[in-house]
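Participant: Given chain A's structure and the hints, the job is docking chain B onto it.
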Amino acid sequence: MSPVEQPPTEASAVSEYRRREQSITLSALGGPAVESTEDRGTAMTQELLTLNFGPHHPATHGVLRLLVTLQGEVVRDIKPIVGYVHTGIEKTAEDKSYWKVIPVVERMDYLSYYFNAMAFCGAVETLLEVDVPKRAQYLRVIHLELNRIASHLIWLGTSALDLGAVSIFLYCLRERELILDLFEMSSGQRMHTRYFQVGGVIEDIPTGFDAKLREFLKVMPERADQYGAILSANEIFLQRLRGICPLDAETLLSLGVTGPLLRAAGNPWDLRKADPYCSYEDFEFKIPVGTVGDNYDRFAVRLAEIYESVKIITQALDGLPEGPHITTDRKVALPPRHELATSMEALIHHFKLVTEGFRVPPGEAYFPIESPRGELGCFVRSDGSSKPARVHMRDPSFVNLQAFSSMAEGAYIADMIATLAMLDPILGGIDR
Amino acid sequence: MPDATGLELIGQELGDAVLDTVFFRERATLVIDPPSVRRVLAGLREHGYSFMASLHGVDYYPEEPRLGVIYELLDMSRVDRIAVKLRLPLDAAEVDSAMPDLPQDPGWPTANHQEREVYDMFGVVFRGHPDLRRILMPEDYEGHPQRRDFPLGGEPVLFTFNDTDLPRSSA
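Protein sequences, first through last, are from chains A and B. Read in order, the letters of the first sequence correspond to residues 1 to 432 in our numbering. Read in order, the letters of the second sequence correspond to residues 1 to 171 in our numbering.
If we strip away everything but chain A, and leave its shape as in the complex, we get (with noise of 0.2 Å):
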């Protein structure tokens, strides 16, 4: 499929019919023999075309614009141009406080919006030195790893839509349904759900999220088993895949890739168990890498992910502590509803928090988190008042579409769709 080089792959991975249709040649029927395809319309081949590829192309994920130029076939270069989607997020942080932020943070990587506020408020609570409940962890925790499970699955419904697998989207969404129902439980909202709160979470669960959630526990590995065996088993999707763009480790840490895309390559990168963050030191799971980097790797590095994040998602609810879900300091949360009626305290502390906010101390803050695709960090300076001064997003799809053209220059154009699909970029977290 590619010129890229093949790695060896051991006779059993070639199927039967395969082989069978390998040997036929059409001499041997008694066609015409097949003349080399070196010497047919080389003048044509040799000549450079540079493509406008989107920015409105289904298959660029978002509004992503890419000017390619071919050889042919053959990928030479490949330009990605950004910012179409571009809505200064960053600068509208600067002018509202800080829990009012959260809102709009969510909405840069709208794919892993539970990502997005706990960078940010992982870095405010750096800032204020506020403690959050171990119950408030647990639950950031269950609700980043359904979100992760969320993201993964519209990933791996549009990469199978780009290879022309259309039901398996269909089944994804299916699966994702039920993510955004419990989301919508325990939040009242299916996406930029404003759940993470500074100092732990909005609102504790609701009675029979817990049922609902095991359930969908249950489910998961099953569903997940299902597209494994309809793609992992299905020879045009693995010929799309195997041996395709794959690039070495070195060269993704140099270019900044984190994520599953480094794990593909064997780099078993992973922030939540080299540094963990909310917890997660308490939690057993694995983490899947791949061997040598390539499509299919980066492919099943993902699917297997969903099952880890079951675990982990299993875990914290068995353990799921009693106790507050949101820090009990007056000064950075809200004070209970039933408060506000008996104490005067309380509703002074209220009224400070809805129309100033809380001040943050001077300084800096960077936190770093591990999305479904890479390091997030976020990076946040307080100059004293009670809005912050920078918010600078890191976000993984920004720095890992660096790596895409050295992954599919020398590939042909359809391979260069595969690759764009398996490196999972979302367009509202690079342009902000």
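Take these hints with a grain of salt, some might be off.
To be verified - Not close to chain A: a few residues of chain B, all C-beta gaps over 10 Å, as computed:
1) S50
2) D140
3) N162
To be verified - Simulated restraints, written as ranges between beta carbons of each label pair:
4) B:D3 - A:L347: 38 to 48 Å
5) A:P362 - B:A4: 16 to 26 Å
6) B:F24 - A:L48: 35 to 45 Å
7) A:E129 - B:E13: 25 to 35 Å
8) B:P62 - A:E47: 48 to 58 Å
9) B:F159 - A:A341: 45 to 55 Å
10) B:D131 - A:G208: 49 to 59 Å
11) B:P130 - A:E215: 48 to 58 Å
12) A:K311 - B:F159: 44 to 54 Å
Claimed, not checked - Each computed SDA-like pair below joins lysine to any residue, with the alpha-carbon atoms no more than 25 Å apart:
13) A:K273 - B:M76
14) A:K100 - A:K331
15) A:K387 - B:K85
16) A:K96 - B:E63
To be clear, the hints were calculated from the coordinates, so they are not data collected in a lab. Using N, Cα and C, we set each Cβ at its ideal position, and we do this for glycine too.
Facilitator: Chain B in isolation, oriented as in the chain A frame:
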């Protein structure tokens, strides 16, 4: 993060390039002299900080010098982070790019998009960057929107009906 003593040691080792060390909320920051940025980054790479996790631009208005560039370095084997900060005045906002492959220093290819973003948003020019263009704003955009004195909002939205009335297209 290296602890406060570790940070001091690294600071002393790098010599007079380091103007100050800040240890705040478990975060270690080296404040450096802008011309020596490549030397400091290469020195830290030898210390094991071989992964550039992020690069931010900051506007410290009304403090002087106004602009700041922060490099977040990471040592993956010891899981240790260190930040390198340099400050630039508005009228001479120029610093060496971290990207180019120099004889003694292989450079940081990951800085490509991020330096372009800082250039776009703050107007910091990275000398030696192979492709320093705006990345998020349109190519013909005037001004650097993340600066603190850049107003929020109030910009007319371009539609087909007011295409000819807007200053950008009539100029």
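Participant: Next step is simple, just say for each hint if it's right about the structure.
Facilitator: Hint by hint, here is what the structure shows:
With a closest Cβ-Cβ approach of about 8 Å to chain A, S50 of chain B is found to fall inside the 10 Å limit, against its non-interface label. Interface exclusion of D140 of chain B from chain A stands, the closest Cβ pair being 12 Å apart, more than 10 Å. For N162 of chain B, the condition that its CB be more than 10 Å from all CB atoms of chain A holds, with the nearest at approximately 20 Å. Checked against the hint of 38 to 48 Å, the pair D3 of chain B and L347 of chain A passes, with Cβ atoms roughly 43 Å apart.
At about 19 Å, the CB distance of P362 of chain A to A4 of chain B agrees with the hint of 16 to 26 Å. Judged by the Cβ atoms, the range 35 to 45 Å given for F24 of chain B and L48 of chain A is violated: they are separated by roughly 52 Å. Against the hinted window of 25 to 35 Å, the Cβ-Cβ separation of E129 of chain A and E13 of chain B comes to about 30 Å, which satisfies the hint. Hint check: P62 of chain B to E47 of chain A, Cβ distance near 57 Å, so the stated range 48 to 58 Å holds.
One distance hint, 45 to 55 Å for the beta-carbon pair F159 of chain B and A341 of chain A, holds here, with the actual separation near 51 Å. Between D131 of chain B and G208 of chain A the C-beta distance comes to about 54 Å, which sits within the given range of 49 to 59 Å. At roughly 54 Å, the beta-carbon separation of P130 of chain B and E215 of chain A lies within the given 48 to 58 Å, and the hint holds. Between K311 of chain A and F159 of chain B the beta carbons are some 51 Å apart, a value that agrees with the proposed interval 44 to 54 Å.
A distance of roughly 12 Å separates the Cα atoms of K273 of chain A and M76 of chain B; the hinted pair therefore holds under the 25 Å criterion. Restraint check: the Cα-Cα separation between K100 of chain A and K331 of chain A comes to about 16 Å, which is no more than 25 Å; the hinted pair holds. Distance check on the hinted pair: K387 of chain A and K85 of chain B sit about 22 Å apart at the alpha-carbon level, within 25 Å; holds. A hinted pair counts as satisfied when its Cα atoms are at most 25 Å apart, and K96 of chain A with E63 of chain B qualifies at roughly 21 Å.
Hints 1 and 6 from the list above are not met by this structure, while the remaining hints are.
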